[in-house]
Amino acid sequence: MAHAQAEDTRVEWEAALVQRARGGDTRAFERLYREHAGRVYGLCLRMTRDVQLAEDCTQDTFINAWRALPRFETRSSLGTWLHRIAVNVSLARRRRSSPVEPLPEETEEGLAEAWTLETPVEVREIETAIGDLPDGARDALVLHALYGYSHGEAAQMLGIAEGTCKAQLHRARKLLRERLGVEVN
Amino acid sequence: MTAPHDGNGRKVSSLAEIPTSIEPGRDLWPNIEARLKESPAAAPVTTGAHAIPAHLRRARPPWLAAAAMVASVAVGVWIGRSLLPGVGRGVEGTAATTAPSGFAAATDATVLDAAYVSDPRYQRQRAALLRSLPARLAALPPPARAKVLASLAAIRKAKEDLESALGKDPSNALLQELLVDTYQDEMRVLTDVREASEPGRGI
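Protein sequence lines, in the order shown, are assigned to chains A and B.
Take 2 as the starting number for the first sequence in my numbering and just add one per residue.
Take 803 as the starting number for the second sequence in my numbering and just add one per residue.
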């Protein structure tokens, strides 16, 4: 109950900041940046695997968001909207250097949603294993397993078919299992 | 890739437990802010009929224009009062020096909080002042009348801009405060005109 009220307050506060930013108020936009920079940067860093590139992508994300603010629907989540922009920016940057290899669509049904580990593993070790995944598998894994987006949402953000997203997740699970040496369910 | 969570040896049993937020190694905002100033504005809402260049619009929210207008109104009111005989300055003559303190009472009445805007007494007083305004304006010297009309036009424009901005951001305390200031300015002009046009005030 209290959490829901706090969330409502946060959403209203954020919507007010968006309105002010739309009017050209850079201070309001800075507050939105401070609120979301960590998650946006985390997404960019995991997608690019390069600190400098991730910083550039984070900056581009917020510049693009500033320009596109008039088109943002305040009813939707600002965080999700920023993540979509961050994914686009990161993919565009990455495509310049290395195109993502296509995968056949996944036909297998009933992929498990939970990404639980048979035995606990250090965050650092998991992050390293995720960083070593091929780009396509890592993108799908980060959006789905870490950021909590559904198969459809992750696929839409990445500009791929949902079946392809599932295939990438299947591949990510298999590779993580091999690299961590534990079962990933 | 540098491990995002340097020094994080915490063990987790689900990928959902991995923190999604990673703070950048340096503050990226100064660069972003510099680029915002170079990039097109976020298409701020325009409320005036006059087009404002994009590079100015970005740094100038519409309600800020209204705020500037309130400030200019204050100057206009001051100029108007200085032109109005017997208001805001010493007036020679027995009639002026013995004039009732209605003006002071009226201006005191404007020093109220936001609630006064919807106060019935305020509404009645304002309506009465507006009804008598044309006749009182007609009795003023042309320079004073022009100043009063300019002040009232600026106030009306400021109110429209602020009300429009409040429609989009109703909880903005600064906008609310500026709107109340604007109503107070309007009341000040109206009472000035009333006081100046009263018999025995030298018009």
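Hints may contain errors.
What the hints assert, rightly or not - DEER-style ranges, computed between Cβ atoms:
hint: 1; chain 1: B; residue 1: E835; chain 2: A; residue 2: R180; range: 22 to 32 Å
hint: 2; chain 1: B; residue 1: R837; chain 2: A; residue 2: E119; range: 39 to 49 Å
hint: 3; chain 1: A; residue 1: A16; chain 2: B; residue 2: A948; range: 42 to 52 Å
hint: 4; chain 1: A; residue 1: A93; chain 2: B; residue 2: A952; range: 48 to 58 Å
hint: 5; chain 1: B; residue 1: P943; chain 2: A; residue 2: R76; range: 50 to 60 Å
hint: 6; chain 1: B; residue 1: G827; chain 2: A; residue 2: A93; range: 20 to 30 Å
What the hints assert, rightly or not - To be clear about the criterion: a stretch of chain A counts as covered by chain B if any three or more of its residues have a C-beta under 8 Å from a C-beta of chain B, and this derived list gives those stretches:
hint: 7; region: 18-28
hint: 8; region: 53-64
hint: 9; region: 83-97
hint: 10; region: 115-121
hint: 11; region: 125-134
hint: 12; region: 163-174
Stated by the list, open to error - Covered stretches of chain B (chain A as the covering partner; in silico rule of three or more C-beta atoms under 8 Å from a C-beta of chain A):
hint: 13; region: 821-827
hint: 14; region: 925-934
The set of hints was computed from the structure by calculation and includes no laboratory data.
Source: prediction; values computed, not measured.
Glycine included, every Cβ here is placed at the ideal spot set by N, Cα and C.
Do the hints match the structure? See the list:
As the Cβ distance of B/E835 to A/R180 is approximately 41 Å, the hint placing it in 22 to 32 Å is violated. In this structure the supplied range 39 to 49 Å holds for B/R837 paired with A/E119, their Cβ-Cβ distance being about 46 Å. As the Cβ distance of A/A16 to B/A948 is approximately 44 Å, the hint placing it in 42 to 52 Å holds. Between A/A93 and B/A952 the beta carbon distance is about 53 Å. The supplied range of 48 to 58 Å therefore holds.
Our hint of 50 to 60 Å for B/P943 and A/R76 holds, since their Cβ atoms are close to 56 Å apart. A C-beta distance of roughly 23 Å is found between B/G827 and A/A93, which places it inside the suggested range of 20 to 30 Å. Residue count for the region 18-28 of chain A with a Cβ under 8 Å from a Cβ of chain B: 8. That meets the three needed, and the coverage hint holds. Check result for the region 53-64 of chain A against chain B: holds, 6 residues qualifying (beta carbon to beta carbon below 8 Å, three or more required).
By the rule of at least three residues with a Cβ nearer than 8 Å to a Cβ of chain B, the coverage given for the region 83-97 of chain A is violated, with 0 such residues. Counting residues of the region 115-121 of chain A whose C-beta lies closer than 8 Å to any C-beta of chain B gives 6; at least three are required, and the coverage claim holds. For the region 125-134 of chain A, the stated coverage by chain B holds: 5 residues have a C-beta nearer than 8 Å to a C-beta of that chain, and at least 3 were required. Here's how the region 163-174 of chain A fares: 0 of its residues keep a CB closer than 8 Å to some CB of chain B, so the rule of at least three is not met and the hint is violated.
Requiring three or more residues with a Cβ within less than 8 Å of a Cβ of chain A, the coverage given for the region 821-827 of chain B holds, as 7 such residues are present. Residue count for the region 925-934 of chain B with a Cβ under 8 Å from a Cβ of chain A: 0. That is fewer than the three needed, and the coverage hint is violated.
Comparing the model with each numbered hint stated earlier shows that hints 1, 9, 12 and 14 do not hold.
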